[in-house]
Amino acid sequence: MNELLRRYGKPLTGLAVFLTAFWLLFLVILPYFDMFASSFRPYLPAVDVGGPKDVYSLNNYLTIFENADWHFFGFTFPMTIHLWVFILTILFSCLTTIVSLLMCYPLAYFMAKVISPKGLATFLLLLVVPLWVSELLRAFAWFIVLAFKGPLSLTLQNLGVIAEPIRWTWGLWGYSGVLIGLTYAYILFMLFPLYNAMTSLDTNQIEAAEDLGAKWWQTHWRVIIPHSKPGIASGSVTVFMLAVGSILVPTLLNSPSSSWFTEVIYNRMFDQNDWNGGAAYAFLLLLVCIFFVTGMMRYFRVGLADIAK
Amino acid sequence: MTASVELRGVSMDFDKYRAVDNVSVKIEPGEFFSFLGPSGCGKTTILRMVSGFIEPTQGQVLIGGQDMRGIGPNKRPTAMIFQNLALFPLMTVWENIAFGLEVRGADKAARRAKAEQLLDLVELQGVAERLPAQLSGGQRQRVAIARALAVEPKLMLLDEPLSALDLKLRQHMRAELRAIQKRTNVTFIYITHDQGEALAMSDRVAVMSRGQIQQVDVPQKIYNTPTNGFVASFVGENNKFSGTLTSVSKAEGKFKTDVGSFSVTLGEGVSRESKCRLYVRPEHVEFTLKPKTGFNSVPITVEDVSFEGNFAVVHMRDKAARRLLAEVRNDPARPPPAVGSATNIVFAPDKALVLLDSEATAYAEKE
Chain A
1 MNELLRRYGK PLTGLAVFLT AFWLLFLVIL PYFDMFASSF RPYLPAVDVG GPKDVYSLNN
61 YLTIFENADW HFFGFTFPMT IHLWVFILTI LFSCLTTIVS LLMCYPLAYF MAKVISPKGL
121 ATFLLLLVVP LWVSELLRAF AWFIVLAFKG PLSLTLQNLG VIAEPIRWTW GLWGYSGVLI
181 GLTYAYILFM LFPLYNAMTS LDTNQIEAAE DLGAKWWQTH WRVIIPHSKP GIASGSVTVF
241 MLAVGSILVP TLLNSPSSSW FTEVIYNRMF DQNDWNGGAA YAFLLLLVCI FFVTGMMRYF
301 RVGLADIAK
Chain B
1 MTASVELRGV SMDFDKYRAV DNVSVKIEPG EFFSFLGPSG CGKTTILRMV SGFIEPTQGQ
61 VLIGGQDMRG IGPNKRPTAM IFQNLALFPL MTVWENIAFG LEVRGADKAA RRAKAEQLLD
121 LVELQGVAER LPAQLSGGQR QRVAIARALA VEPKLMLLDE PLSALDLKLR QHMRAELRAI
181 QKRTNVTFIY ITHDQGEALA MSDRVAVMSR GQIQQVDVPQ KIYNTPTNGF VASFVGENNK
241 FSGTLTSVSK AEGKFKTDVG SFSVTLGEGV SRESKCRLYV RPEHVEFTLK PKTGFNSVPI
301 TVEDVSFEGN FAVVHMRDKA ARRLLAEVRN DPARPPPAVG SATNIVFAPD KALVLLDSEA
361 TAYAEKE
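Going down the list, the protein sequences come from chains A and B.
Reminder that position 160 of the first sequence reads as 160 in this note's numbering, one-by-one numbering, no gaps.
Reminder that position 110 of the second sequence reads as 110 in this note's numbering, one-by-one numbering, no gaps.
Incorrect hints may appear among the rest.
[What the hints assert, rightly or not] Which residues of chain A face chain B? A partial, calculated answer using Cβ under 7 Å:
1) Gly-171
2) Leu-172
3) Gly-174
4) Ser-176
5) Ser-200
6) Glu-210
7) Asp-211
8) Ala-214
9) His-220
Quick caveat, the hints were computed from the structure, so don't treat them as lab data.
Using N, Cα and C, we set each Cβ at its ideal position, and we do this for glycine too.
Isolated chain A, as found in the complex (with noise of 0.2 Å):
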């Protein structure tokens, strides 16, 4: 504070402070405060808001455990459809998570430690260059690849790999399109908090392991993969949180038995008009989340501050 005093001096100083905390309190904190306190009112006409019926209470929360039965190979249980969404949800982001972990590991090690310098910057540009393009047009190419009849299905019909265009959507309980387009948008959101940790792993120690008889596995289950825990993690909690909240490629990608809970939440604000309830929803998501990924971070003995590097 006082290097920047010195620095800028008082006005400039007190312009960029101010500016500052007019965007944290007004844009941030507000806005969320009034969300958050609104999840605990129940949705009522413009006459009624204020009035003796606008009380606190959190039925917007329990309406996910509201009574319907979900039959399940001739069980019944008491699960309402917005409980099921909810548990997919979460269940999918983490294989989304899991895939892209699988995926980017080889190719992160491959980078940090195999490929040359001068190969790696074109690597690098092949890899970020499909991020110019908008997440929208993106989640589309996939959507008229994945097409029934579309390029993909026809291509391997073509080769007489498969005889009859295939669902590519339709698979997993109808999620397969949705894991599919959540990889490919956020894959990136790991690889690099993991090609950063692995660079920063001295080969030497690759070597050292080696040399002292260890198998390529036992040096990347024994050496690699502990000093990368960090990069992991990080990467981990950044698709998980990516994908949970991602709209955009569930309604493109999904199939007619499946439905991702931020359009729950969407459907409940915009189609319902109910702000209190999809707010309610959303403070849930957000809340199930932080639990999950600090108990996560708890069992894989992640501290926050290895997730800052």
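Keeping the supplied structure of chain A fixed, place chain B upon it in accordance with the hints.
Only chain B this time, still in chain A's reference frame:
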């Protein structure tokens, strides 16, 4: 527990650059062998070829008489100590030491026992549960040695492992390494650019330059009878005179320079026609006011005297403005000549070596 190493006509090319050029040498079992040379001379490349991280472009590497081509570093009976030690920072000291056993599937109790035993061997007790970052430089050094010894290698490869330590510790670790080598009788190959280290520790030394071995011999011979100009000027200090041989008889001759003609001893392979130079060690130079019979004499002016404690280094110039050095043992009764004084240096013909210029000499001078 110990093995010989033989390099047969080994060369290594990186693209168009030849890092190691047709090197042949045989290292005996249980020997402490050093490769000594300036940076970029190919000594580390040799070590990496022996350990198996790279395969030679040409030639053979044999360990214990067995050709090592195609055998990976994890299958060779070698253990390497890296320049930066490369301890695993996330493992405790004992896990580090026992890593080689862990990957071979030894159970935990056996691993722990072996680690403790090795910690005793390197005289480092009570740190088994610590992380490498919690140790001092010298302690980390010992852990690295213990970790390498844990896999019971027949051959230890050391890549300038002492270069990161301060002077006192370095000198202590020299003696320590030597003692551990004698105790375990494992063949040691030691890489260094520090001639003091190489001479003090090794049974034999190979002096390298530009990918080639210039001389392989015991330390005394390397220092006292270098085979060419490069070895003479890289190992220790030397006064150098250019000139021509005017007469040759057996191993002696006359060498004519711009400051006089000297009686000299001829080095290996020197003949009347060869391109060569005269080398005189600073410690073989004496000061006298009058020329001494049977000695070569050069008039000089003293420029500076630096007192080092047990000896003093006298910097001087001859008439041709050539810089010369003399080392005088500390003796209060016979102090070195005063700065600015004009006097003579004398040196015996058997201490005046005429040595061949090598390609490497020219290279070293350009540097």
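Hint by hint, work out which the structure violates, then give me just those numbers in ascending order.
-> When the structure is compared with the hints, numbers 1, 2, 3, 4, 5 and 9 turn out to be violated.
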